[in-house]
Amino acid sequence: MPPSVFILSTPSFLPPNPRPAPFPALPHLGVNIRRGGVGRSGSSPPRTWKCCSSPEEKSSPVQRRQKNPPRSSSSRKSEPEIDPVGFLSRFGISHRAFAQFLRDRYKALKDRRFDLYSRFIDMRDSASGYEILGMHRHRQHRVDFMEWAPGARYCSLVGDFNGWSPVENSAREGHLGHDDFGYWFIILEDKLRDGEEPEEYYFQEYNYVDKYDKGDNNINAEELLKKINDDYWEPGEVWSRKSRMEMVAKLYEQMFGPNGPQTEEELGELQDAETRYNQWREASNFGPNDHTRFEVIDKGNEFDVFSVIGDPVSTAKFKAKKPPLDYWVEMRKGRRAWLKKYIPAIPHGSRYRVYFNTPEGALERVPAWATYVQPEADGKEAYAVHWEPPPEEMHNWRYKKPKLPKSLRIYECHVGISGSELKISSFNEFTSKVLPHVKSAGYNVIQLFGVVEHKDYSSVGYKVTNFFAVSSRFGTPDDFKKLVDEAHGLGILVFLDIVHSYASADESVGLSLFDGSNDCYFQTGKRGHHKYWGTRMFKYGDVDVLHFLLSNLKWWVAEYQIDGFQFHSLPSMMYTHNGFSTFTGDMDEFLSHTIIVATLPNVDRQFKQSTTEEGHTYQRSNIEYCNQYVDKDALIYLTLANEMLHELYPDIITIAEDATFYPGLCEPTTQGGLGFDYWVNSSVSEMWLWLLENVPDQDWSMNKTSKVVKQDKKKKPHGRGGDLVGSDARVTAIARSSAEVVVARGECDYSNGQRDCELMRRKVQIASVLLSNQLNRHNMLLYAENHNQSISGGRSFAEILFSKTDEHISGSDNLLFRGSALHKMIKLLTFTMSGSAYINFMGNEFGHPNRIEFPLASNKYSFALANRQWDLLMTDLHGQLFNFDKVNRAGAVLEFDL
Numbered sequence: 001m002p003p004s005v006f007i008l009s010t011p012s013f014l015p016p017n018p019r020p021a022p023f024p025a026l027p028h029l030g031v032n033i034r035r036g037g038v039g040r041s042g043s044s045p046p047r048t049w050k051c052c053s054s055p056e057e058k059s060s061p062v063q064r065r066q067k068n069p070p071r072s073s074s075s076r077k078s079e080p081e082i083d084p085v086g087f088l089s090r091f092g093i094s095h096r097a098f099a100q101f102l103r104d105r106y107k108a109l110k111d112r113r114f115d116l117y118s119r120f121i122d123m124r125d126s127a128s129g130y131e132i133l134g135m136h137r138h139r140q141h142r143v144d145f146m147e148w149a150p151g152a153r154y155c156s157l158v159g160d161f162n163g164w165s166p167v168e169n170s171a172r173e174g175h176l177g178h179d180d181f182g183y184w185f186i187i188l189e190d191k192l193r194d195g196e197e198p199e200e201y202y203f204q205e206y207n208y209v210d211k212y213d214k215g216d217n218n219i220n221a222e223e224l225l226k227k228i229n230d231d232y233w234e235p236g237e238v239w240s241r242k243s244r245m246e247m248v249a250k251l252y253e254q255m256f257g258p259n260g261p262q263t264e265e266e267l268g269e270l271q272d273a274e275t276r277y278n279q280w281r282e283a284s285n286f287g288p289n290d291h292t293r294f295e296v297i298d299k300g301n302e303f304d305v306f307s308v309i310g311d312p313v314s315t316a317k318f319k320a321k322k323p324p325l326d327y328w329v330e331m332r333k334g335r336r337a338w339l340k341k342y343i344p345a346i347p348h349g350s351r352y353r354v355y356f357n358t359p360e361g362a363l364e365r366v367p368a369w370a371t372y373v374q375p376e377a378d379g380k381e382a383y384a385v386h387w388e389p390p391p392e393e394m395h396n397w398r399y400k401k402p403k404l405p406k407s408l409r410i411y412e413c414h415v416g417i418s419g420s421e422l423k424i425s426s427f428n429e430f431t432s433k434v435l436p437h438v439k440s441a442g443y444n445v446i447q448l449f450g451v452v453e454h455k456d457y458s459s460v461g462y463k464v465t466n467f468f469a470v471s472s473r474f475g476t477p478d479d480f481k482k483l484v485d486e487a488h489g490l491g492i493l494v495f496l497d498i499v500h501s502y503a504s505a506d507e508s509v510g511l512s513l514f515d516g517s518n519d520c521y522f523q524t525g526k527r528g529h530h531k532y533w534g535t536r537m538f539k540y541g542d543v544d545v546l547h548f549l550l551s552n553l554k555w556w557v558a559e560y561q562i563d564g565f566q567f568h569s570l571p572s573m574m575y576t577h578n579g580f581s582t583f584t585g586d587m588d589e590f591l592s593h594t595i596i597v598a599t600l601p602n603v604d605r606q607f608k609q610s611t612t613e614e615g616h617t618y619q620r621s622n623i624e625y626c627n628q629y630v631d632k633d634a635l636i637y638l639t640l641a642n643e644m645l646h647e648l649y650p651d652i653i654t655i656a657e658d659a660t661f662y663p664g665l666c667e668p669t670t671q672g673g674l675g676f677d678y679w680v681n682s683s684v685s686e687m688w689l690w691l692l693e694n695v696p697d698q699d700w701s702m703n704k705t706s707k708v709v710k711q712d713k714k715k716k717p718h719g720r721g722g723d724l725v726g727s728d729a730r731v732t733a734i735a736r737s738s739a740e741v742v743v744a745r746g747e748c749d750y751s752n753g754q755r756d757c758e759l760m761r762r763k764v765q766i767a768s769v770l771l772s773n774q775l776n777r778h779n780m781l782l783y784a785e786n787h788n789q790s791i792s793g794g795r796s797f798a799e800i801l802f803s804k805t806d807e808h809i810s811g812s813d814n815l816l817f818r819g820s821a822l823h824k825m826i827k828l829l830t831f832t833m834s835g836s837a838y839i840n841f842m843g844n845e846f847g848h849p850n851r852i853e854f855p856l857a858s859n860k861y862s863f864a865l866a867n868r869q870w871d872l873l874m875t876d877l878h879g880q881l882f883n884f885d886k887v888n889r890a891g892a893v894l895e896f897d898l
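Read in the UniProt record's numbering, the sequence shown has 441 at position 441, and its numbers run on one by one without any break.
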């Protein structure tokens, strides 16, 4: 048998013949397809084929892993060592039960990662669901829609574009329309205009938004392929063929055709492969020193196929070539050609909903991934709006994100109440009027709450119904982009108060009973409902729910350039009792850590209560950190959320709003923590509020001390301030609670206005409260008062001070002077001790005198208190308060810069 010769040549560049399946890669298949909405174009990376392996590449998997270590977070130089109880060891804390809980939680975290990565490629892909779910414009003159509804048996789209017909645009039967995980896929084909012919090539693409007709040169496929062969390939690298079977047909005809050899004698002796190869080289005009692209000579040895002889010049030239993707872009037609040939399947601004047929009957829902929603108003049913504006109406980003400042000075805002008129203010009004004030006041961050779409305006925006949509009350998605862009232009970061701890229980516009089942997004039974607020609780252990929540976080950063998040009301999700606990805190009874929170005097209740935005009371007492009432799935989600955000966006800021101060809030996730950057300390604000309402200011003391917490010496103080604390005295100082140094519960009778109880004769050690929070000041976000004091049925400090009656004060001028001095002192002390983060609610910097009350049936839906009186800045009293606040902030920023 003569030796054989293998000759490998590069084929010509031709478009693929088979039409790709219309069903895109689903997230559970692990295929990473990047396809955005309007104007986003995705392309798969070019595949690299190797015909041989060098000796260096023939290494063991272990050696390859050593050469290419696992990808580390972009925010870290090297992968840190993982220790599930690392932060306990760092603080010298020894508690067996909690340490075991952390180890078990880390094992569950690894299992949850495995579940995610078995459905998705990596953390980026598991948080990129918005790229294929929802409604997206496809380049091939169509619109794709995908929704997750595992409990549905039939899915279609209804809206203005099809006369609200539930049968015209439905998902296909079988796996072309839905999969086993409950993802439904619908294609809306653009309609040809009258007199227009269908596309000659199925792969014809259109450029919808990028400068109208960029790349539209009216070139057809034949001209494109000829241009590729002429420009991209060099002579000898490719030859023209009419079809892929041309060479095979010629060879077959030569051997078996009518002019071919009829007998073995006519066929003659077949020469060896090397001789025939040399004859081909001579016929192809190759010189003696020239090489083809590849030459593989098989001399009969076992591994000769790996001995490749190649022309180094030709090889280097070929590797230097870039894939001819630009030619395909050139073949795209522009927006004008698209509108001339097609009628959009669903025009911009069209209303639509998703229709399900479920075991419980037919349902119509607002899509869960909708990016613009008109909630139910004035008796009208809620619906989503297809947002695909023309290029001239889309917002183009002008400014880059500001650099992260050394010290965060946060201005907390609500867009709807930011105006002085008796109405709901808009994004554009906030941009033009409030942003310049924030800049002049010296703040470098705005934190917006109530931005995500919600049906009930009186809920202050915390009962979210549509997690991917900005509130349509304030404007369009492009209006919000303009707000963020202008803030960045002023050097101001934009944070979002995100609510993933619960969701609205509304069924028509929210996620409750979305596909007819009770366990689609939420827990079943009692755990699926908040104990007091009437909201629904997410099922954090479900992979698809994690996919939804993680994608939601990444969506706000990718689409709206958000710089950080404050996670709202973490106790609601971290505990199965939603943070409402009345446990004794006995270590032997619960085998868990508790925080020692003294209770303030009150008439009927024994536990410290804080009023929430919904008007309910939040009991803060002895919370267990590792017993059966802790939702481990929720803690794992918070860990994954912080890991994802900090890996993909190293400069992102995450803030934990947790009144129970769960241990390890701001510790690294590799050391057993949850990975937040800051934790909100409400202790100082509660101290000031209680003092203002219960203690005459002449009884305030900065240096006198008294025992303020009656604590059984047999019980050991335990964690607070984001770090678990054991019995060691030196560590106990880290977790000292403000309530421990404010007052103890007293047996006082307030029924008849009596104020002569023993508790009121005790002095309050203000300095201890402020100084006890300094050990972790670099992770602490402090405030004198935020929106809770003035929104949640309470009063702002200014309202208390300027309306306070006291027998020791005579005259309104003395009252205003005294109130102004106390207001300045509170702000000065709090701001000085705030460390690297301080927050202030809109209007409190100049002592806004009125509380905030959203339109309700109880006030006849009045907007009288749902605004801000900016004209007060022109008065002497409030102008001085504003200037004092501004000077303090400027001095603190200078201190941090130095």
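For the record, the hints were derived by calculation from the structure and aren't laboratory data. Because the structure is a prediction, the values reported are computed rather than measured. There may be inaccurate statements among the hints.
Said to hold, decoys possible - Pairwise CB distance ranges, derived in the manner of DEER restraints:
1. H778 <-> S701: 23 to 31 angstroms
2. R103 <-> N883: 30 to 38 angstroms
3. K433 <-> D104: 50 to 58 angstroms
4. P261 <-> S118: 25 to 33 angstroms
5. K191 <-> K380: 46 to 54 angstroms
6. S118 <-> W397: 33 to 41 angstroms
7. R90 <-> Y532: 19 to 27 angstroms
8. K380 <-> D180: 30 to 38 angstroms
9. Y117 <-> R153: 26 to 34 angstroms
10. P261 <-> A283: 16 to 24 angstroms
11. H778 <-> P696: 47 to 55 angstroms
12. W397 <-> E196: 56 to 64 angstroms
13. K191 <-> R851: 48 to 56 angstroms
Claimed, not checked - No farther apart than 25 angstroms at their CA atoms in a straight line, the calculated lysine-lysine pairs in the DSS-like style are these:
14. K341 <-> K191
15. K481 <-> K403
16. K433 <-> K401
17. K380 <-> K433
18. K860 <-> K433
19. K886 <-> K401
20. K423 <-> K886
21. K632 <-> K539
22. K531 <-> K632
23. K226 <-> K317
24. K380 <-> K439
25. K403 <-> K455
26. K455 <-> K482
27. K341 <-> K401
28. K321 <-> K227
29. K539 <-> K455
30. K401 <-> K439
C-beta: ideal position from N, C-alpha, C; glycine also.
Each hint tested on the structure:
no.	hint	in the structure
1	H778 <-> S701: 23 to 31 angstroms	29 angstroms, holds
2	R103 <-> N883: 30 to 38 angstroms	54 angstroms, violated
3	K433 <-> D104: 50 to 58 angstroms	52 angstroms, holds
4	P261 <-> S118: 25 to 33 angstroms	59 angstroms, violated
5	K191 <-> K380: 46 to 54 angstroms	28 angstroms, violated
6	S118 <-> W397: 33 to 41 angstroms	36 angstroms, holds
7	R90 <-> Y532: 19 to 27 angstroms	37 angstroms, violated
8	K380 <-> D180: 30 to 38 angstroms	37 angstroms, holds
9	Y117 <-> R153: 26 to 34 angstroms	30 angstroms, holds
10	P261 <-> A283: 16 to 24 angstroms	20 angstroms, holds
11	H778 <-> P696: 47 to 55 angstroms	36 angstroms, violated
12	W397 <-> E196: 56 to 64 angstroms	35 angstroms, violated
13	K191 <-> R851: 48 to 56 angstroms	55 angstroms, holds
14	K341 <-> K191	9 angstroms, holds
15	K481 <-> K403	19 angstroms, holds
16	K433 <-> K401	21 angstroms, holds
17	K380 <-> K433	32 angstroms, violated
18	K860 <-> K433	28 angstroms, violated
19	K886 <-> K401	24 angstroms, holds
20	K423 <-> K886	29 angstroms, violated
21	K632 <-> K539	11 angstroms, holds
22	K531 <-> K632	18 angstroms, holds
23	K226 <-> K317	21 angstroms, holds
24	K380 <-> K439	40 angstroms, violated
25	K403 <-> K455	35 angstroms, violated
26	K455 <-> K482	24 angstroms, holds
27	K341 <-> K401	40 angstroms, violated
28	K321 <-> K227	15 angstroms, holds
29	K539 <-> K455	22 angstroms, holds
30	K401 <-> K439	16 angstroms, holds
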